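2 protein chains.
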Amino acid sequence: MGILVVGSVAFDSVETPFGKMDSILGGSATYFSTSASFFTDVSLVAVVGDDFQEEHIDFLRSRNIDLTGLSRVNGKTFHWKGKYGYDLNEAQTLETHLNVFESFKPVIPALYAGADYLFLANIDPELQMEVLNQMQKPRVVACDTMNFWISSKREALKKVVERVDILIINEGEARQFTGEANLVKAAKSILAMGAKTLIIKRGEYGVLMFTDSTIFAAPAYPLEEVFDPTGAGDTFAGGFMGYLANTGDTSEEGIRQAIIFGSVMASFNVEDFSLNRLKKLDYKEIESRYRGFKKMTHFEGLSSR
Amino acid sequence: MGILVVGSVAFDSVETPFGKMDSILGGSATYFSTSASFFTDVSLVAVVGDDFQEEHIDFLRSRNIDLTGLSRVNGKTFHWKGKYGYDLNEAQTLETHLNVFESFKPVIPALYAGADYLFLANIDPELQMEVLNQMQKPRVVACDTMNFWISSKREALKKVVERVDILIINEGEARQFTGEANLVKAAKSILAMGAKTLIIKRGEYGVLMFTDSTIFAAPAYPLEEVFDPTGAGDTFAGGFMGYLANTGDTSEEGIRQAIIFGSVMASFNVEDFSLNRLKKLDYKEIESRYRGFKKMTHFEGLSSR
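Top line first, the protein sequences correspond to chains A and B. Counting in the UniProt record's numbering, the first sequence runs from 1 upward without gaps. Counting in the UniProt record's numbering, the second sequence runs from 1 upward without gaps.
Heads up, some of the hints might be wrong.
With a straight-line Cα cutoff of 30 Å, these simulated DSS-like cross-link-like pairs (lysine-lysine) come out [as the list claims (entries may be wrong)]: (1) B:K188 / A:K295; (2) B:K185 / A:K294; (3) B:K284 / A:K185; (4) B:K188 / A:K20; (5) A:K158 / A:K137; (6) A:K20 / B:K284; (7) B:K284 / A:K294; (8) A:K295 / A:K280.
Far from chain A, by Cβ distances over 10 Å, these chain B residues were calculated [stated by the list, open to error]: (9) H56; (10) S62; (11) G75; (12) A91; (13) H97; (14) S103; (15) R154; (16) A156; (17) K185; (18) A192; (19) D212; (20) G248.
For the record, the hints were derived by calculation from the structure and aren't laboratory data. Note that the structure is predicted; figures quoted are calculated from it, not measured. Every residue gets a Cβ at the ideal spot worked out from N, C-alpha and C, and that includes glycine.
Build the full structure now, drawing on both the sequences and the hints.
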């Protein structure tokens with residue numbers, strides 16, 4: 001079995017210096033599952049309202065994403081409105097309408113409970129825990145979170161982190177969660193909570209991975225045109241988990257490769273609004289950019305000169 | 001012949017969240033030459049006042065740095081006062097007393113004019129040009145600059161950049177110099193001015209190198225204790241040029257290795273105030289951290305699986 005993701009399917013209204021788009025397809029589970037679908041089978045648990053268009057369902061189906069777990073209820077779909085300045089690293093949230101997402105109680109279909117790979121996208125840590133409790137024995141559990149939960153549900157979040165294998169958060173969140181300005185100290189403090197692997201996302205600066213004995217640093221792919229960073233983190237996580245699930249190789253070496261695949265997917269995603277770039281993407285382009293990462297980071301080791 | 005560096009030898013008064021030091025040894029040429037001295041012979045052209053202590057001269061001599069070009073004149077040595085917050089990436093300048101540095105006119109001793117490697121540290125671009133005009137035919141010229149010269153002497157700076165092989169500046173300066181928010185575009189615009197290689201320093205995020213056809217991304221070494229970032233950029237440049245001069249390998253592969261050596265040196269330098277860490281450093285530690293960089297960035301390429 002492939003990956004199960006629990007998160008949001010949403011509409012985004014996004015303004016960047018390069019344009020403005022209203023009510024386009026978004027949501028953590030949407031970006032994650034689309035990205036992961038390039039590598040493996042994905043099942044999605046989320047909720048949408050009755051305003052959610054059939055074309056989006058069709059798109060997700062076209063990516064072979066199993067939508068048994070997507071419930072459609074009366075009301076409006078979660079809607080996020082945000083804005084980016086020229087510093088595309090940080091979004092300014094203008095409006096958040098949770099709508100049907102407010103009463104979202106993820107119920108894992110029996111068929112999904114045996115999934116080997118589970119991604120808990122950024123939702124209330126108490127719900128993340130409920131999902132965990134409905135699962136049988138996943139091989140790899142990864143989770144994301146955000147500043148809001150770190151400040152409002154810190155204890156619940158800590159309990160989730162105790163039970164996950166991989167925590168994927170951004171730099172600011174790692175500092176906030178631990179109260180440590182220094183990232184190496186912050187990482188140690190998070191690993192001490194129980195996660196075996198910590199992946200810290202740094203936007204255009206790439207990713208740092210920490211385990212109890214190693215550090216891996218991956219750059220972001222320098223792009224000449226970044227249109228819309230929305231969903232980059234979930235697209236990263238999708239490529240990362242997708243590759244892990246595809247190979248089943250959860251050694252450190254496998255995780256490092258998965259991080260590069262995640263970075264590749266995120267680098268494509270920011271090239272256009274919404275999922276537009278992922279919709280046009282093919283696997284050859286993914287491999288080619290992976291090779292680009294390899295070239296971009298290569299340097300010779302020390303010989304015994 | 002080794003490297004010639006023209007820049008400042010100064011006193012710094014530095015405050016960081018971890019302590020406060022008054023009138024400690026600093027200056028771009030000091031950091032650069034000390035760092036480069038681990039790899040090759042260095043000659044220094046700079047000016048100090050009559051308050052410059054013999055112990056500092058002794059230290060530089062102990063590193064085999066040729067001080068024929070260090071003039072000692074009546075007056076006070078250049079003194080910079082700065083402060084760092086927990087975000088150690090950016091210094092806040094509190095005071096700048098140019099003192100004897102104000103009337104610094106670099107005169108290159110005849111013996112130095114044939115140097116193969118020249119580093120023009122951050123000084124007035126008009127003086128950088130005067131230095132260039134006194135040189136015979138250096139194999140590799142690299143230069144640094146700062147926001148102050150970019151805004152006040154842009155045209156003079158452009159003329160210098162036309163004539164150098166390698167420009168080493170920080171991210172903010174690259175954006176300021178070109179008016180481009182996007183770093184890839186900024187890099188293209190700088191390479192179009194004439195520099196063959198552009199190295200963009202990003203503090204704790206590492207370094208990006210651009211040529212007309214390639215990009216190299218190197219991380220910074222994640223450190224648990226960063227005491228004082230002063231001089232990190234010049235220490236980077238010193239390790240970089242020092243290694244280049246040592247091997248004579250100016251191929252892209254050689255430049256990439258030199259960037260890692262520069263990053264290694266900078267990572268040591270920030271572990272203590274002033275040049276204190278470099279004073280205790282030995283070459284075995286340098287090689288060991290280079291290997292650490294190699295491990296930290298390694299991932300497998302794509303096999304034909």
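task: Quick one: which hint numbers does this structure break? Sort them smallest to largest.
output: The structure breaks hints 6 and 17; every other hint is satisfied.
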